[in-house]
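Number of protein chains: 2
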Amino acid sequence: MAIERYDIVIVGAGPVGLLLSTCLARWGYKIKHVDMRPVPTITGRADGIQPRSLDLLENMGLKHGIMAYDPAKVYEVAFWDPQSGGKGIHRTGTWPSCPKFIDARYPFTTLLHQGLIERVFIADIEQHGTKIQRPWEIKGFSSDGVDKEYPVEVSLAHVNGDEQETVRAKYLFSGEGARSFVREQLKVKITHKDPIAHVWGVMDGVVKTNFPDIKMKCTIHSDAGSIMVIPREANMVRLYIQIASSTDPDWHPRKTATTEQVQEAAKKILKPYTIEWERVEWFSVYPIGQGIADRYTLDERVFMGGDCCHTHSPKAGQGMNTAFLDAQNLAWKIHHVESGFADRSILKSYESERKLIAENLLNFDAQYAKLFSQRQPSAGEVGSANIQTAGEQQPAEDNEFMKTFKASCEFTSGYGVAYNENIFNWSQNHPAQSPLFLSEKQGTTTQRTGRIMTPATVTRVCDANVVFLEQEIPLNGSYRLYLFGGKPSVTKNAINDFAAGLTQKGSFYSSYKRPDVDAVSHLEKHNPHSLFFSIATIFNAHRPEIEIRELLPEVLARYFDHVYADDIWDQRVPNAKAAAHAKMGLSEDEGGVVVVRPDGYVGCVVKLVDGSGTVDALNKYFASFTAKSLGGNRAQL
Amino acid sequence: MAIERYDIVIVGAGPVGLLLSTCLARWGYKIKHVDMRPVPTITGRADGIQPRSLDLLENMGLKHGIMAYDPAKVYEVAFWDPQSGGKGIHRTGTWPSCPKFIDARYPFTTLLHQGLIERVFIADIEQHGTKIQRPWEIKGFSSDGVDKEYPVEVSLAHVNGDEQETVRAKYLFSGEGARSFVREQLKVKITHKDPIAHVWGVMDGVVKTNFPDIKMKCTIHSDAGSIMVIPREANMVRLYIQIASSTDPDWHPRKTATTEQVQEAAKKILKPYTIEWERVEWFSVYPIGQGIADRYTLDERVFMGGDCCHTHSPKAGQGMNTAFLDAQNLAWKIHHVESGFADRSILKSYESERKLIAENLLNFDAQYAKLFSQRQPSAGEVGSANIQTAGEQQPAEDNEFMKTFKASCEFTSGYGVAYNENIFNWSQNHPAQSPLFLSEKQGTTTQRTGRIMTPATVTRVCDANVVFLEQEIPLNGSYRLYLFGGKPSVTKNAINDFAAGLTQKGSFYSSYKRPDVDAVSHLEKHNPHSLFFSIATIFNAHRPEIEIRELLPEVLARYFDHVYADDIWDQRVPNAKAAAHAKMGLSEDEGGVVVVRPDGYVGCVVKLVDGSGTVDALNKYFASFTAKSLGGNRAQL
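Protein sequence lines, in the order shown, are assigned to chains W and U.
UniProt numbering puts the first residue of the first sequence at 1, with every later residue one more than the last.
UniProt numbering puts the first residue of the second sequence at 1, with every later residue one more than the last.
Be a bit skeptical, because a hint or two may be false.
Here are the simulated DSS-like cross-link-like pairs (lysine-lysine), alpha carbons at most 30 Å apart as the crow flies [stated by the list, open to error]:
hint, chain 1, residue 1, chain 2, residue 2
1, U, 255, U, 193
2, W, 525, U, 208
3, W, 100, U, 100
4, W, 100, U, 577
From chain U, some residues computed to sit far from chain W (all C-beta separations above 10 Å) [stated by the list, open to error]:
hint, residue
5, 73
6, 99
7, 231
8, 261
9, 446
10, 463
11, 630
No lab work stands behind these hints, which were simulated from the structure alone.
Being a predicted model, the structure only gives us computed values, none of them experimental.
Glycine included, every Cβ here is placed at the ideal spot set by N, Cα and C.
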């Protein structure tokens with residue numbers, strides 16, 4: 001019997017494995033996905049979806065399903081400290097969890113049981129023809145290259161050992177979590193940035209309390225210990241309590257505590273408030289050491305992501321979010337290599353981009369966790385400056401903890417994710433050079449390469465719907481070209497020349513035409529010509545003034561559902577006539593082109609000019625990582 | 001065998017029957033619900049959800065389920081007229097379907113197949129223990145009063161005649177649609193406001209066209225006839241075409257047309273644009289005469305609603321929306337009578353309130369339909385003034401059609417629904433009199449009794465969530481008391497006195513305590529003390545300044561989840577410090593109390609003062625329709 005072949009074998013159906021599976025299933029890949037648990041997560045585990053991750057889920061069409069579970073939303077974090085004289089805790093301040101300086105669509109953290117989040121992904125994966133095989137585990141693998149197209153052999157088995165299966169695949173991905181068989185086999189080491197390990201207790205349940213901030217995220221320090229409060233869906237609350245630290249004199253990583261012990265500790269910490277449990281849904285004690293895998297892949301065939309590559313304290317709610325972004329980053333890169341768009345070398349950037357983010361996370365976490373586990377100075381020690389004055393929106397004095405917290409808001413919201421300059425993220429050092437590239441450093445655009453595009457609200461021309469521009473093109477594996485068209489009367493020639501450049505033989509756009517381009521339905525909105533590019537055009541004009549088929553050459557007019565009027569006022573740029581143009585830092589008259597990677601991060605920004613310059617610059621940009629050489633020879637036309 | 005008894009028998013599972021069933025099932029009533037169709041609507045029928053209805057669906061927690069189907073949204077309506085010289089049609093202007101002068105949360109019409117909307121209701125009804133019995137029909141009924149508690153006997157049968165059942169009920173409701181057995185039996189006449197009848201063709205399908213406004217709502221007049229375009233979910237479009245009118249010389253109400261004939265007509269009308277059908281999902285031809293039932297009930301036991309009571313042209317998209325509001329209006333009134341809160345006489349107001357709205361609808365429809373079916377003057381006839389100038393947001397000249405249309409926006413959005421003064425809708429003529437009642441006529445509040453409360457965005461204190469105040473109390477059958485608390489320092493005494501008045505023996509509030517008040521869970525948010533009242537308190541203060549248990553007396557602090565900070569800036573009242581207070585037309589310092597009926601319409605507005613006055617006024621207001629006498633005797637305390 002011939003050995004079964006798959007594009008990818010994915011081990012583990014937690015957040016990282018599920019998101020990867022969802023993307024690849026949608027894009028038509030053949031997936032073998034196994035998980036050693038018989039069913040999805042029943043209780044406990046991660047639960048925090050950061051603002052930026054909600055954008056991502058919306059972009060995948062999955063936000064609706066998650067919000068249907070009516071999750072808790074955290075808009076503010078409250079800080080509680082001990083009062084002098086044994087009077088128990090008092091609130092020293094609150095801070096927005098995603099402050100206004102961050103331009104977020106959803107400025108809150110969403111809290112929902114991981115199992116419910118998994119269900120939303122699983123339903124989508126099944127709709128696209130992949131079924132997760134449970135309870136199955138990986139028993140062995142070798143990237144032996146015996147079959148050049150399917151170089152990885154993977155052995156899988158039912159956890160009870162009754163059945164086994166050996167398959168070949170182009171890729172193997174481990175989303176197994178902190179205890180990863182694949183990582184062990186690869187002998188990839190975990191580096192501990194912070195040598196201090198902790199034992200954590202975590203308890204989900206329904207409580208009766210007169211503690212006023214029980215529906216907010218709180219960090220509470222008291223003379224009796226520290227605790228973190230996280231609200232949950234269905235009237236639940238999660239408490240994190242630190243049970244032991246490797247800095248304790250009697251430290252033991254196996255130290256544990258019972259439900260009752262943790263409840264008693266919580267009662268003491270919360271004084272003068274009272275707390276009683278009506279129901280405990282889940283309780284667990286586990287040791288966590290901060291760690292990061294030295295490598296995310298050795299050969300760009302066997303990859304790892306999520307907790308498998310980075311572990312840290314659970315308090316900043318980053319685990320699931322970092323896992324999502326690991327998976328998203330890898331998904332489109334594998335897709336571009338396997339579909340012949342990009343050179344195989346781009347796969348190296350998975351590790352370089354994502355490991356940097358994990359390192360930043362761990363640095364942040366070390367600071368944050370250290371402060372959290374230290375007893376804070378009491379009100380008496382700090383003095384009256386620590387008491388919040390009514391009417392002030394922020395504490396009168398920021399202690400070290402709050403300073404770290406504030407500085408980290410951008411990071412924890414997910415909007416701080418910033419990839420370094422590389423082949424995708426244009427910089428002065430990029431192989432593609434042209435005076436038309438705009439850059440944030442030079443002040444010619446606000447858009448920073450390696451960061452997400454600024455959100456902007458616009459009016460869709462064809463149906464007059466008011467929409468979020470950054471959400472209009474779904475996560476479809478395509479680069480997003482945002483053609484900011486400025487004033488139609490000013491840019492008429494530039495747009496015609498841009499369109500001519502796109503259709504020119506050898507351009508980045510025409511080199512990657514769909515093979516079925518002539519058979520594509522007129523209902524196709526995002527990829528009428530190419531599976532690797534979606535184009536949106538935004539004019540500085542009122543919606544009724546824009547006649548799509550009159551203003552745009554055919555190649556652009558074909559994106560009939562992706563033409564927008566930049567005519568919605570925005571509080572952040574109150575004086576702009578064309579708010580989206582202004583937010584991108586582009587001329588409201590002359591526009592410009594913002595190229596966004598399939599994952600929503602800005603690749604490059606180019607001036608929109610008469611002649612071939614704009615497309616020439618884009619040809620150079622894409623040629624630096626596409627499989628074919630681009631730019632063609634004009635004379636050949 | 002004893003005859004089975006029900007609180008209500010509902011006949012028909014279209015929008016009116018389903019919404020009534022949903023409310024009553026949630027509030028614990030025993031329902032027999034039958035429908036003669038074997039399954040919910042498969043194709044065709046109504047599809048337009050107006051902005052105000054979306055508010056209602058959200059208030060019922062059903063909007064999520066409907067939006068999950070990804071319906072089309074209509075933000076603008078385009079008008080097309082003939083050009084001179086046989087050049088076909090051209091656009092003469094567009095108009096927002098819910099213009100900015102209406103303060104709507106969702107300023108668009110939602111278009112979705114009726115069957116999908118029905119499914120959302122049916123799932124909810126089944127969750128609450130009622131199952132729709134299909135295909136069953138009503139065979140007879142008599143409101144014989146043999147059983148005083150269950151005065152109505154109803155005979156039901158399977159449509160194939162094999163099975164039958166006779167039951168007794170407190171109420172019978174017909175939501176049977178235009179051909180109502182109940183209405184016929186009651187010999188209730190239909191009055192035709194407008195003697196002109198029409199035959200309509202309606203076609204749902206997927207088209208391929210270069211007509212640029214195919215994703216907008218359009219009214220198109222051409223020399224070859226008139227058509228209305230309505231976008232639909234799943235790339236579909238609905239076309240309405242008038243096939244015959246009783247004003248035609250060869251008028252026949254049975255006149256019909258084939259799919260092909262309607263398609264040919266559409267092709268001619270749309271010239272110079274082309275249109276082809278890829279798929280026709282549904283096509284139907286039906287005669288519609290404008291009509292309104294003389295009575296909605298004869299004895300306040302057998303009621304009718306929806307199409308059973310009013311028929312009109314389908315074009316303004318009002319059918320389903322009016323049906324929803326019929327049902328909602330009846331639901332809480334039956335609930336208040338049957339639960340002993342209100343006097344039985346309030347049931348008379350169902351007909352008086354809802355028939356007025358239907359009459360307004362028919363008046364509007366007659367005007368609108370007449371204009372629609374008339375050929376519009378061509379551009380040549382009208383002159384160049386009819387050509388829209390680029391840059392203008394509205395047509396240079398409004399013809400009669402557009403004038404009517406604009407004037408009707410408030411009405412079609414659902415926000416124009418205005419109930420006359422009566423026992424619920426306070427006025428100078430109301431039996432309850434006090435100098436503390438505020439009124440829009442006197443300019444002491446902006447809130448108009450019999451109209452919905454103005455929407456306002458506020459911050460929930462307990463969890464810092466930014467929320468829609470008008471959505472915070474769900475459709476739970478309770479009156480909503482919005483205590484606008486002004487500045488806490490100013491209103492301290494008034495609020496204490498208000499709370500003292502509420503808890504006073506004999507007050508409207510304490511007279512309708514829950515029988516299980518001592519056993520109510522601390523998790524109950526909306527009805528901790530009474531099933532007939534939910535209270536929200538809104539302070540003119542920043543969220544972190546509000547310590548609920550310090551600022552509010554116990555009775556109000558118990559509504560811990562319904563205390564809000566009026567600290568969100570609103571573009572409509574840009575200079576207000578407390579936007580919600582300002583929008584209600586209340587003093588930002590001193591506040592006031594807005595009493596809202598269970599259906600969201602304002603009942604009365606009362607000044608918030610020191611002493612007993614505020615509650616005294618409310619006691620008088622509620623005493624005018626509650627079952628018990630209120631206000632008590634202060635000396636009795």
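Quiz prompt | Satisfaction of hint between residue 208 of chain U and residue 525 of chain W, Cα-Cα up to 30 Å | solution = holds (13 Å)
Compare the distance between the alpha carbons of residue 100 of chain W and residue 577 of chain U with 30 Å, and conclude whether the hinted pair is satisfied. holds (18 Å)
(request) Please settle this one: residue 446 of chain U was flagged as non-interface, so is its CB more than 10 Å from every CB on chain W? (result) Label holds. Min Cβ-Cβ 24 Å, cutoff 10 Å.
Original post:
Against chain W, does residue 231 of chain U keep a CB gap of more than 10 Å to every residue?
Top reply: The claim breaks: residue 231 of chain U does not keep its Cβ more than 10 Å from every Cβ of chain W (closest is about 6 Å).
Reported absence of residue 73 of chain U from the contact zone with chain W (all CB gaps over 10 Å)
Answer for residue 73 of chain U: violated, closest chain W Cβ roughly 5 Å.
Pair hint outcome, residue 100 of chain W versus residue 100 of chain U [Cα-Cα no greater than 30 Å]:
With Cα atoms ~26 Å apart, residue 100 of chain W and residue 100 of chain U stay inside 30 Å; holds.
(message) Hinted pair, alpha-carbon criterion (30 Å max): residue 255 of chain U, residue 193 of chain U. Please report holds or violated.
(response) Holds: residue 255 of chain U and residue 193 of chain U sit about 22 Å apart, inside 30 Å.
- Query: Is the Cβ of residue 463 of chain U more than 10 Å away from each Cβ in chain W?
  - Reply: Violated: least Cβ distance 4 Å, not greater than 10 Å.
key: Assertion that residue 630 of chain U lies outside the chain W interface [Cβ separation over 10 Å]   = Since the minimum Cβ distance to chain W is about 33 Å, residue 630 of chain U lies beyond 10 Å and the statement holds.
Closest CB of chain W to the CB of residue 99 of chain U still more than 10 Å away:
Nearest chain W Cβ is 12 Å from residue 99 of chain U, so the label holds.
Exercise for the section: Grab the minimum beta-carbon distance between residue 261 of chain U and chain W and tell me whether it stays above 10 Å. Expected result: holds (25 Å)
In terms of the numbered hints stated before, the structure departs from hints 5, 7 and 10, listed from lowest to highest.
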